[in-house]
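Turn these sequences into a full structure, and let the hints steer you where they fit.
Residues 325 to 619, numbered by our numbering, are exactly what the sequence shown covers, in order.
Just so you know, these hints were derived from the structure itself, not from any lab. Some clues are possibly wrong.
Restricting the straight-line Cα-Cα distance to at most 30 Å, the calculated cross-link-like pairs of lysine-lysine (DSS-like) are [to be verified]:
1. K611 x K485
2. K607 x K354
3. K375 x K354
4. K601 x K533
5. K619 x K533
6. K607 x K485
7. K431 x K475
8. K485 x K380
9. K537 x K485
10. K354 x K380
11. K386 x K416
12. K537 x K475
13. K375 x K485
No experiment lies behind these values; they were computed from the predicted model shown.
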Amino acid sequence: MQIVIASGKGGVGKSTVAASLIYLLKDRYKLIVVDADADAPNLHLLFGVEKWEEEKELTGAKVARINQDTCIRCGICYERCPYESIKLVDGKYVVNELTCEGCGVCKLVCPVRGTITLEEARSGVIKKTTTRYGFPLISAQLDVGRPNSGKLVTEEKEWAKRIMQEQRLDHMIVDSAAGIGCQVIASIGGADVAILVAEPTPASLSDVKRVYKVVQHFREPAYLIINKADINPGFKGLYEFAEQEGIPILGEIPYDRAIPYSMTMLKPFVEAFPESKASKALKEIAKAVEDEILK
325 MQIVIASGKG GVGKSTVAAS LIYLLKDRYK LIVVDADADA PNLHLLFGVE KWEEEKELTG
385 AKVARINQDT CIRCGICYER CPYESIKLVD GKYVVNELTC EGCGVCKLVC PVRGTITLEE
445 ARSGVIKKTT TRYGFPLISA QLDVGRPNSG KLVTEEKEWA KRIMQEQRLD HMIVDSAAGI
505 GCQVIASIGG ADVAILVAEP TPASLSDVKR VYKVVQHFRE PAYLIINKAD INPGFKGLYE
565 FAEQEGIPIL GEIPYDRAIP YSMTMLKPFV EAFPESKASK ALKEIAKAVE DEILK
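Below, the structure is given as structure tokens:
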């Protein structure tokens, strides 16, 4: 199976929950893990990864280049660039590669044919390693100012599928980015089931509703985990939403101040503090995942 863990909102503890569930399931199932947050990957930190075994660059972004030998300094490209990515520096027009979108307007308006070209640039890098726990982890990092975050995630998952076939692994667990952007859509697309993580706040409820619509678009079954369940006792919105949509709740996790310490220890929370109330709740949720989804 391919299981995606999503939240719609950052800061609800999605990656913390994902890392703990992966840790609790790793001995009973052959897993491969994909960190699908190409903007801010962090699963490798939670699993104490120090080095990568293999890296692949992804190209595809376009960046404008100005040939200074044939440029006549007319400034039309500077005036017409919709992203204001062309600047006059020491009497020469140059492209800011961090903001250039490769739209081609500058090339179109340049009066000297061939002076401005669109060239491929690196969008990011995909990395693979085997964690100290024995399962492979694939992560990606989008380069600053580059597009194609969704394509990076798609390439991550394709690489993971090949490894699953080669090593005869059972399941792929994908830790999605926050929000509902391209990389989240790429994470959810093709999955067999989605596990949504939310906290009992109006903002989290609003965002988990949005990501649930994406899950519905792909016609995938969804489950809900309520993290920090005791921080807002009077808020019942998540329970009402789950009941209304028929979403099973896998469990509730109490707020625990020790979670940041587990991050500094570079360990999943359930490994660092196995006897805490939050860890016990996570163990019950892992059993529910096993009973209701994996079996």
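Please write out, lowest number first, the hints stated earlier that are contradicted by the structure. Hint check: nothing fails, all pass.
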